[in-house]
Amino acid sequence: MFNYIVRRVLFAIPIAIGVTIVCFSLVYLAPGDPLQLVLPPDATADDRAILATLYGFDKPIPVQYLNWLMRALCGDMGVSIQTSRPVFGEVIRALGNTVVISAGAVALAFTLAFILGTVAAYNLGKPADRIATAISVVGVSVPSYWLGIVLIIWFSVELGWLPATGLGPKGSAGFSFLHWEQARYAILPIVTMSFAPLGIIARNTRAAIADVLSQDFVQMLRAKGLGPLPVLRHAVRNALPQILAVMGLQFGYLVGGSILVETIFNWPGTGFLLGKAILTRDVPVLQGTILVLAISFVMTNLVVDLMQTAVDPRIKRS
Amino acid sequence: MTDVISTDAPALRHGLSAPDIKVRSYLQTVTHRLRHDPVTLFFLAVILIIALAAICAPWIAPFDPNKTGTLYRLKPIGFRGFILGTDELGRDMLSRLIYGARTSLVMGLTPVVLATVIGGTLGVTAGFHGGRVNMCIMRIVDVFYAFPSVLLAVAISGTMGGGIQNGLIALTLVFIPPLCRIAETTTTQVRSLDFVEAARASGASSASIIIHHVLANAAAPLFIYASSLISVAILLAAGLSFLGLGVEPPTADWGMMLSNLRQAIYVQPLVCALPGVAIFITSLSFNLVSDGLRQAMDVRA
Chain A
44 MFNYIVRRVL
54 FAIPIAIGVT
64 IVCFSLVYLA
74 PGDPLQLVLP
84 PDATADDRAI
94 LATLYGFDKP
104 IPVQYLNWLM
114 RALCGDMGVS
124 IQTSRPVFGE
134 VIRALGNTVV
144 ISAGAVALAF
154 TLAFILGTVA
164 AYNLGKPADR
174 IATAISVVGV
184 SVPSYWLGIV
194 LIIWFSVELG
204 WLPATGLGPK
214 GSAGFSFLHW
224 EQARYAILPI
234 VTMSFAPLGI
244 IARNTRAAIA
254 DVLSQDFVQM
264 LRAKGLGPLP
274 VLRHAVRNAL
284 PQILAVMGLQ
294 FGYLVGGSIL
304 VETIFNWPGT
314 GFLLGKAILT
324 RDVPVLQGTI
334 LVLAISFVMT
344 NLVVDLMQTA
354 VDPRIKRS
Chain B
2 MTDVISTDAP
12 ALRHGLSAPD
22 IKVRSYLQTV
32 THRLRHDPVT
42 LFFLAVILII
52 ALAAICAPWI
62 APFDPNKTGT
72 LYRLKPIGFR
82 GFILGTDELG
92 RDMLSRLIYG
102 ARTSLVMGLT
112 PVVLATVIGG
122 TLGVTAGFHG
132 GRVNMCIMRI
142 VDVFYAFPSV
152 LLAVAISGTM
162 GGGIQNGLIA
172 LTLVFIPPLC
182 RIAETTTTQV
192 RSLDFVEAAR
202 ASGASSASII
212 IHHVLANAAA
222 PLFIYASSLI
232 SVAILLAAGL
242 SFLGLGVEPP
252 TADWGMMLSN
262 LRQAIYVQPL
272 VCALPGVAIF
282 ITSLSFNLVS
292 DGLRQAMDVR
302 A
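Chains as they are written, first to last, in the working numbering: chain A, 44 to 361; chain B, 2 to 302.
One or more hints might be untrue.
Computed list of chain A residues with no C-beta within reach of chain B, every gap over 10 Å [what the hints assert, rightly or not]:
| hint | residue |
| --- | --- |
| 1 | Asp90 |
| 2 | Leu151 |
| 3 | Leu264 |
Computed beta-carbon distance windows for the label pairs [as the list claims (entries may be wrong)]:
| hint | chain 1 | residue 1 | chain 2 | residue 2 | range |
| --- | --- | --- | --- | --- | --- |
| 4 | B | Val24 | A | Val49 | 51 to 57 Å |
| 5 | A | Gln225 | B | Leu271 | 42 to 48 Å |
| 6 | A | Ser127 | B | Thr69 | 38 to 44 Å |
Quick look at which bits of chain A chain B covers, simulated, 3 or more residues with Cβ under 8 Å [unchecked claim]:
| hint | stretch |
| --- | --- |
| 7 | 115 to 125 |
| 8 | 302 to 315 |
| 9 | 338 to 345 |
By construction, these hints were calculated from the structure, which means they are not laboratory data.
Every residue, glycine too, gets a C-beta built ideally from N, C-alpha and C.
Given the sequences, and given the hints that come with them, work out the whole structure.
Now the structure itself:
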């Protein structure tokens, strides 16, 4: 067990290094000279050379990478070209907002998907299964950016029940679920975000529980005279670690891919930051956000893997 | 090898006499199963209709998709010959939706095909050679796998700038890692099987082993997985153009239409939702057909 944890953590390190290399290379993917963005249009060649030395662009690329990495590790990701504020602080603040709606969405998706998947697995091939499967296919097929607009049209424009966009009433600084006045701003983004994970978790739940139900020991439980609910309890206990792992991964995908939903709802998270950075070609913010999100995703994967090993005594990884 | 004995299950269960045994080829089994799957057939027909509409767009679109009309901005569904209304520049929605199918299908199919060829080749190479080659290829793939797909697509096309070409590159890169992994896993499994050893012992070259044994076994899972990626590609591509990273205006594209009409949801909510309906129907159809194919070909998810 301990060996496995050490090995798994060690395995994540080269991946994380690879991720930083990809993020570093993004600047070189951008068309044109990276300095062009900070230089005023009337800059001379000398100005350019001075600035290149200042930013370290005159050094060989591996050296530039190492310098960049060292600074990033210390939380220095440069300053935004647009706002001149430090990138790291902006990204971390935004990350909190993204985690709030992603966690809400995954919790909602898991609750519904777990019920749907279990019902479907217990009634394999029957109408209940068909309906549950149809719902999960719709969940993965529906474009979130469209669903968000439809929900806004319905609940904000037509019914006027919920606010359309933003983090909270004017003047609110942070987000808190405790105040209804604020929490209601998170409802539509959370519902919108929950559709895709709902479909995926429901599918996986159905497959996992159906798999357990087809095993011999379940046959034995039934022969022993156990009713449907106790049988299901056994099946769920066996399938749960796997389902929880899927849920953890979906959380990672939501945090990383929040850009579409946050753009629709003007929710000031990492995705919104990324969207703004793309529109204004703010390369430091772009790079910093992508780096933080990608590293968080690697960490989420790691944590999910370790938790699954810890929760499920059957997994003995050597 | 391709002969599969398929037995009629109910006949077996009730069959007091000899069960009804038919010998069908694999392909016959698959088409037989598909023919008895109305859901898959229906959505296959939907895809064919969308594809046909996209191909025949110049002949069936009632109006020029780029002809603007200041007098006819944001008209409701059914307004004076505009069957599905008009957009914020007075362009006919139906015509733009039909032309938009072209962009959507191209953006949905091209990256998946490219990624299947590239990822499949990389995966088979890694799996077949094993050792250091495998290590090199798979560790690089692992790095790209460590990005959530939306983030990777946005990161690549966000830094390279919008446009259809950059979008295609971004989506292809997003899909290579999973396809490469599937090809690598199957190849590694097949490579260690006895019949490959036998083929090698009887003097078969690497190339012929790859073509006759490895590809024959890796093709079905790759194909199924790739088909399930088409709907993801359509959603992602439309998402990129929704963010302003897709085609250049005035080319009709469902994602961009949706994003442009966002400001008009208070005026014409129904018309504004239409491009999304188109994206939804297309991606749903591809998803369901892919599921049907998976069941018919009996490949485990």
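Consistency of the hints with the structure:
1. Asp90: holds, 25 Å
2. Leu151: Nearest chain B Cβ is 19 Å from A:Leu151, so the label holds.
3. Leu264: holds, 24 Å
4. B:Val24 to A:Val49: 51 to 57 Å: Since the Cβ atoms of B:Val24 and A:Val49 sit about 54 Å apart, the hinted range of 51 to 57 Å holds.
5. A:Gln225 to B:Leu271: 42 to 48 Å: violated, 31 Å
6. A:Ser127 to B:Thr69: 38 to 44 Å: Taking Cβ atoms as reference, A:Ser127 and B:Thr69 lie about 40 Å apart, which means the hint holds.
7. 115 to 125: violated (count 0)
8. 302 to 315: Answer holds; 4 residues pass the 8 Å Cβ test.
9. 338 to 345: holds (count 3)
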